[in-house]
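The lines below spell out each chain.
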Amino acid sequence: MTPMLTVENLSASYGVVRALNDISLEVNEGEMVALLGVNGAGKSTTLKSITGVLRPVKGSIKFLGQEIANGKPEATVKRGLSLVPEGREIFGTLTVEENLRLGAFVSYQRDRYKADLKEMFELFPILEERFTQPGGLLSGGEQQMLAIARALMAHPKLLMLDEPSLGLSPAMTDQIFELIKGLRDRGSTILLVEQNAERALGIVDRAYLLASGEVQYSGTAEEIRRQVDIASVYFGGDDAAPCEVTQ
Amino acid sequence: MSLLSRFLTWSRQHSTLALLMIPLVLAGLAINAFGSSLLLNIYTYFCVSLIMVLSLQMFMGNSGILNWVHIGFVGVGAYASAILSTAPMVKSMGVPNMFPALVALNMPVIPAIMIGGLIAAVLAAIIGYPLMRLSDFVGVITLFATLIVFHVIMTQWDNVTNGPRTFFGVPEFTTLTVALIGALIAIMVAYWFRESGLGLRLRASRDDRYAAMSVGIDVVRVRYYGFITSALIAGMAGGVWAHFITSFSPKAFYMSEMFILLAMLVIGGSGSISGAFMGTTFVTIAREALRQVEGTVNNAHVLPFDVFGLTEAVMAVLMITILIWRPGGVVGGQEITWPLFKRKSPIKEVEDGV
Amino acid sequence: MMNLEFMINTISLGSLYALLSLGLVLVFGILKLVNFAYGEYLMIGGYGLYFSATVLHAPWWAMVVFGILAAILTSYLSELAAFRPVRNKSANALLVTSFAVSIFLQNAVLILVSPRARAVPLPPIFSQTVNIYGAVTPVRNLLIIGTTISVLILLSLLMKKTVLGLAMRAASDKFTTTRLMGVPANLVISAAFVISGLLAGISSIFWIGRSASVDPVTGAAPLLIAFIATVVGGMHSPAGAVVGGFVYGLLFNVLSITLPASMISYRDAFMFVIVVLFLLIRPEGIIKGGYTEERVG
Numbered sequence: 001m002t003p004m005l006t007v008e009n010l011s012a013s014y015g016v017v018r019a020l021n022d023i024s025l026e027v028n029e030g031e032m033v034a035l036l037g038v039n040g041a042g043k044s045t046t047l048k049s050i051t052g053v054l055r056p057v058k059g060s061i062k063f064l065g066q067e068i069a070n071g072k073p074e075a076t077v078k079r080g081l082s083l084v085p086e087g088r089e090i091f092g093t094l095t096v097e098e099n100l101r102l103g104a105f106v107s108y109q110r111d112r113y114k115a116d117l118k119e120m121f122e123l124f125p126i127l128e129e130r131f132t133q134p135g136g137l138l139s140g141g142e143q144q145m146l147a148i149a150r151a152l153m154a155h156p157k158l159l160m161l162d163e164p165s166l167g168l169s170p171a172m173t174d175q176i177f178e179l180i181k182g183l184r185d186r187g188s189t190i191l192l193v194e195q196n197a198e199r200a201l202g203i204v205d206r207a208y209l210l211a212s213g214e215v216q217y218s219g220t221a222e223e224i225r226r227q228v229d230i231a232s233v234y235f236g237g238d239d240a241a242p243c244e245v246t247q
Numbered sequence: 248m249s250l251l252s253r254f255l256t257w258s259r260q261h262s263t264l265a266l267l268m269i270p271l272v273l274a275g276l277a278i279n280a281f282g283s284s285l286l287l288n289i290y291t292y293f294c295v296s297l298i299m300v301l302s303l304q305m306f307m308g309n310s311g312i313l314n315w316v317h318i319g320f321v322g323v324g325a326y327a328s329a330i331l332s333t334a335p336m337v338k339s340m341g342v343p344n345m346f347p348a349l350v351a352l353n354m355p356v357i358p359a360i361m362i363g364g365l366i367a368a369v370l371a372a373i374i375g376y377p378l379m380r381l382s383d384f385v386g387v388i389t390l391f392a393t394l395i396v397f398h399v400i401m402t403q404w405d406n407v408t409n410g411p412r413t414f415f416g417v418p419e420f421t422t423l424t425v426a427l428i429g430a431l432i433a434i435m436v437a438y439w440f441r442e443s444g445l446g447l448r449l450r451a452s453r454d455d456r457y458a459a460m461s462v463g464i465d466v467v468r469v470r471y472y473g474f475i476t477s478a479l480i481a482g483m484a485g486g487v488w489a490h491f492i493t494s495f496s497p498k499a500f501y502m503s504e505m506f507i508l509l510a511m512l513v514i515g516g517s518g519s520i521s522g523a524f525m526g527t528t529f530v531t532i533a534r535e536a537l538r539q540v541e542g543t544v545n546n547a548h549v550l551p552f553d554v555f556g557l558t559e560a561v562m563a564v565l566m567i568t569i570l571i572w573r574p575g576g577v578v579g580g581q582e583i584t585w586p587l588f589k590r591k592s593p594i595k596e597v598e599d600g601v
Numbered sequence: 602m603m604n605l606e607f608m609i610n611t612i613s614l615g616s617l618y619a620l621l622s623l624g625l626v627l628v629f630g631i632l633k634l635v636n637f638a639y640g641e642y643l644m645i646g647g648y649g650l651y652f653s654a655t656v657l658h659a660p661w662w663a664m665v666v667f668g669i670l671a672a673i674l675t676s677y678l679s680e681l682a683a684f685r686p687v688r689n690k691s692a693n694a695l696l697v698t699s700f701a702v703s704i705f706l707q708n709a710v711l712i713l714v715s716p717r718a719r720a721v722p723l724p725p726i727f728s729q730t731v732n733i734y735g736a737v738t739p740v741r742n743l744l745i746i747g748t749t750i751s752v753l754i755l756l757s758l759l760m761k762k763t764v765l766g767l768a769m770r771a772a773s774d775k776f777t778t779t780r781l782m783g784v785p786a787n788l789v790i791s792a793a794f795v796i797s798g799l800l801a802g803i804s805s806i807f808w809i810g811r812s813a814s815v816d817p818v819t820g821a822a823p824l825l826i827a828f829i830a831t832v833v834g835g836m837h838s839p840a841g842a843v844v845g846g847f848v849y850g851l852l853f854n855v856l857s858i859t860l861p862a863s864m865i866s867y868r869d870a871f872m873f874v875i876v877v878l879f880l881l882i883r884p885e886g887i888i889k890g891g892y893t894e895e896r897v898g
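Note that the protein sequences, when read in sequence, are chains Y, D and A.
At position 94 of the first sequence (counting the first as 1) the number is 94 in my numbering, and the numbers step up by one without a gap.
Counting from 1 along the second sequence, just add 247 to a position and that's the residue number in my numbering.
Counting from 1 along the third sequence, just add 601 to a position and that's the residue number in my numbering.
It is worth saying that the hints were derived from the structure and are not from the lab.
Hints should not be assumed to be uniformly reliable.
Only pairs whose alpha carbons sit at most 30 Å apart, straight line, appear in this in silico DSS-like list of lysine-lysine [as the list claims (entries may be wrong)]:
(1) A:K775 x Y:K78
(2) Y:K114 x A:K889
(3) A:K761 x Y:K78
(4) Y:K78 x A:K762
(5) Y:K78 x Y:K181
(6) Y:K118 x A:K762
(7) A:K775 x Y:K58
(8) Y:K157 x A:K889
(9) Y:K72 x A:K775
(10) A:K761 x Y:K62
(11) Y:K114 x Y:K58
(12) A:K762 x Y:K114
(13) Y:K114 x A:K761
(14) Y:K118 x A:K775
(15) Y:K62 x Y:K157
Footprint (simulated), chain D over chain A, 3 or more residues, beta carbon under 8 Å [unchecked claim]:
(16) 698-710
(17) 822-830
(18) 855-869
(19) 876-884
A virtual CB, placed ideally from N, CA and C, is assigned to each residue, including glycine.
Based on the provided sequences and hints, a complete structural model is requested.
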């Protein structure tokens with residue numbers, strides 16, 4: 001079976017600063033895969049390349065057999081890739097309803113939209129309560145739920161989440177991870193980018209560990225746990241320490 | 248380290264100066280000896296433009312703030328120097344409404360030019376105080392509006408400027424030699440400014456305002472000092488210009504002239520002295536060529552209308568093309584250094600520091 | 602009834618200024634571009650009126666359509682030819698580009714038409730006056746007020762009720778994220794320029810209506826008004842532009858009455874000083890609004 005998403009020998013840079021060096025990864029249908037690593041390891045750069053926000057220097061990105069490197073950001077969602085961006089990126093001046101409607105921008109059909117909204121309300125009851133409020137007034141956790149719901153409105157074949165736990169309280173982080181697990185159990189294919197490796201490994205099938213723009217380890221969650229001392233200073237859960245990255 | 252090797256290191260470090268100044272002097276000497284009077288005039292004008300563009304570069308290039316009001320300071324310097332040095336007889340005839348105290352003034356040209364620069368600097372100190380506090384879009388718009396206010400005052404204050412009418416009879420002083428010396432000084436000053444602590448801090452504030460603040464740079468203050476220094480040179484450039492052109496009106500210090508200065512700076516690359524130099528050279532040549540075309544077409548009457556304005560229109564298209572093709576200008580924000588084309592620093596200065 | 606006259610006059614002036622500012626802010630919101638070519642859209646709109654009247658002998662309603670279309674087309678083409686290619690370059694590159702576009706358009710008109718002002722024949726309704734409870738006011742002023750109200754209503758319907766409006770509001774907030782929702786960047790930017798051109802075209806009718814003539818530098822004064830009004834009102838929301846327009850209109854009329862005759866030619870300078878002082882206290886303008894500073898990349 002060919003993977004849903006294949007990234008091959010991808011390199012990307014910001015000006016003269018090389019951010020990604022020859023990385024390759026795959027996501028199969030129905031799988032939940034994590035991209036782990038510390039700040040600056042190249043996780044977000046990978047997502048930016050996949051979504052067309054950043055033009056890679058070289059390499060190929062195939063989604064469902066189609067080359068998508070160098071595509072436009074607006075084409076991404078039409079292909080079936082939705083991103084829950086880092087920092088949530090809620091439209092603060094728009095209401096929750098409008099945020100969700102934008103999520104459905106490419107596939108808007110009145111009946112389907114109504115049904116989808118209902119589904120989102122079941123997943124995230126808080127959004128129904130806040131339906132007519134501006135997105136900017138929501139709390140961090142609520143905004144994260146809105147961001148996920150907004151991405152789901154497009155019925156993505158692959159859902160990408162960029163640091164969903166960033167800036168959330170531990171309790172809220174638990175809740176978000178529970179939700180993501182729920183999405184996976186419903187059959188969604190997910191690419192999860194996380195700094196919080198301990199937590200992420202608890203819910204994913206496979207993971208790639210990035211460091212200074214390169215894939216250092218890859219394997220099932222089990223294998224990664226065995227190969228790498230997760231709790232070490234390298235990166236970790238609650239006692240995460242600044243890391244030394246060797247060039 | 249021997250004196251010689253110290254000198255060699257120094258001159259290698261500052262090879263940009265030599266690379267710009269030597270050709271400027273050589274071309275000036277050649278034109279002075281063999282050139283036609285038209286060429287002499289064009290070269291003198293080129294040197295004067297160079298002073299104006301370099302003073303624009305000092306503030307705009309290093310701070311990244313589009314300084315619309317620059318041409319206004321040039322105008323202030325021009326009027327100040329003209330009023331200070333023109334003979335009372337000429338003034339009382341040419342500017343009938345002028346304040347008697349101003350009519351009486353009569354001083355040599357060089358101090359007049361200096362004082363013109365100082366007046367521009369003082370004015371910059373007054374208006375810069377509030378304006379340098381405003382950032383981004385509000386800053387751009389208010390600087391733009393300030394230029395318009397300058398223009399309003401120049402065209403309305405006929406006790407000083409003769410209003411919208413021409414001010415004439417300014418003593419001729421700026422020869423090719425004078426302009427050339429002025430340009431050489433301007434190159435050195437602009438270069439020194441760029442490399443100075445103030446220039447460095449200004450460039451840091453341009454590249455990342457918040458990062459600059461976080462390392463303790465008082466962004467408002469360095470902008471303020473940069474603004475004043477640039478206005479000082481601009482005012483003197485205005486004086487040098489006034490004693491070359493000898494008669495002028497407020498029109499000379501408004502949008503279309505500002506556009507030419509901007510074109511000179513942006514086409515070459517506002518981030519460096521070399522860029523300002525190259526841009527001025529290029530635009531001067533292009534402008535003279537286009538004027539020839541314009542004149543020929545108009546005189547030949549091949550078209551049913553006059554092509555008045557062709558120069559500006561073509562220049563605008565050229566400028567947009569450069570911005571699309573190389574937003575950092577032809578030179579791209581770096582100084583040209585000896586040996587040419589060899590040293591490429593691994594981290595380029597921000598390409599688009601227009 | 603000096604007061605009623607003053608009020609109608611101020612509201613109509615404010616309305617015109619609000620329309621002008623709105624066109625500027627719409628583009629600023631999405632592209633973060635202070636568009637120096639904006640005044641030229643109005644100027645070209647004026648030439649649209651002139652040519653439709655003198656060459657085509659069009660009836661007044663067709664003149665209006667021509668004028669507005671000319672402004673929209675100029676705005677759209679400038680986006681296509683100049684702004685789109687430099688869009689992802691630096692903010693200053695965009696700014697300088699817009700100045701170059703402005704200079705280009707002015708000189709193109711200079712070459713192709715004439716440096717001299719051209720009289721624009723307008724329907725008599727523009728020069729008639731009407732008496733409202735003793736206040737004598739040009740009918741033109743009432744037309745401006747009516748037009749502005751309708752435009753504001755239609756525009757807010759467009760922004761609130763349509764998908765395009767939703768996409769434009771989102772793009773003003775977070776441009777890249779909006780693109781990730783599948784909204785084409787070029788679509789929203791072009792739409793902003795078209796609406797900006799539309800507003801310049803409508804303003805052009807009333808601006809030209811006051812002097813009944815147009816020349817290559819007609820765009821300079823309205824551009825400055827739009828600039829100052831938007832910084833006063835706040836560049837970060839359409840509401841700010843409208844409020845700024847009215848405040849600026851009021852300031853203008855108050856100064857016109859209170860300044861002594863000898864100082865009236867310095868009115869713009871006075872207004873500007875007041876504005877700068879105000880901005881020092883409140884740099885974000887009257888209305889803070891929600892537009893972010895994120896640039897299009």
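Mind listing which of the numbered hints don't hold for this structure, in increasing order? Failing hints, ascending: 2, 8, 10, 11.
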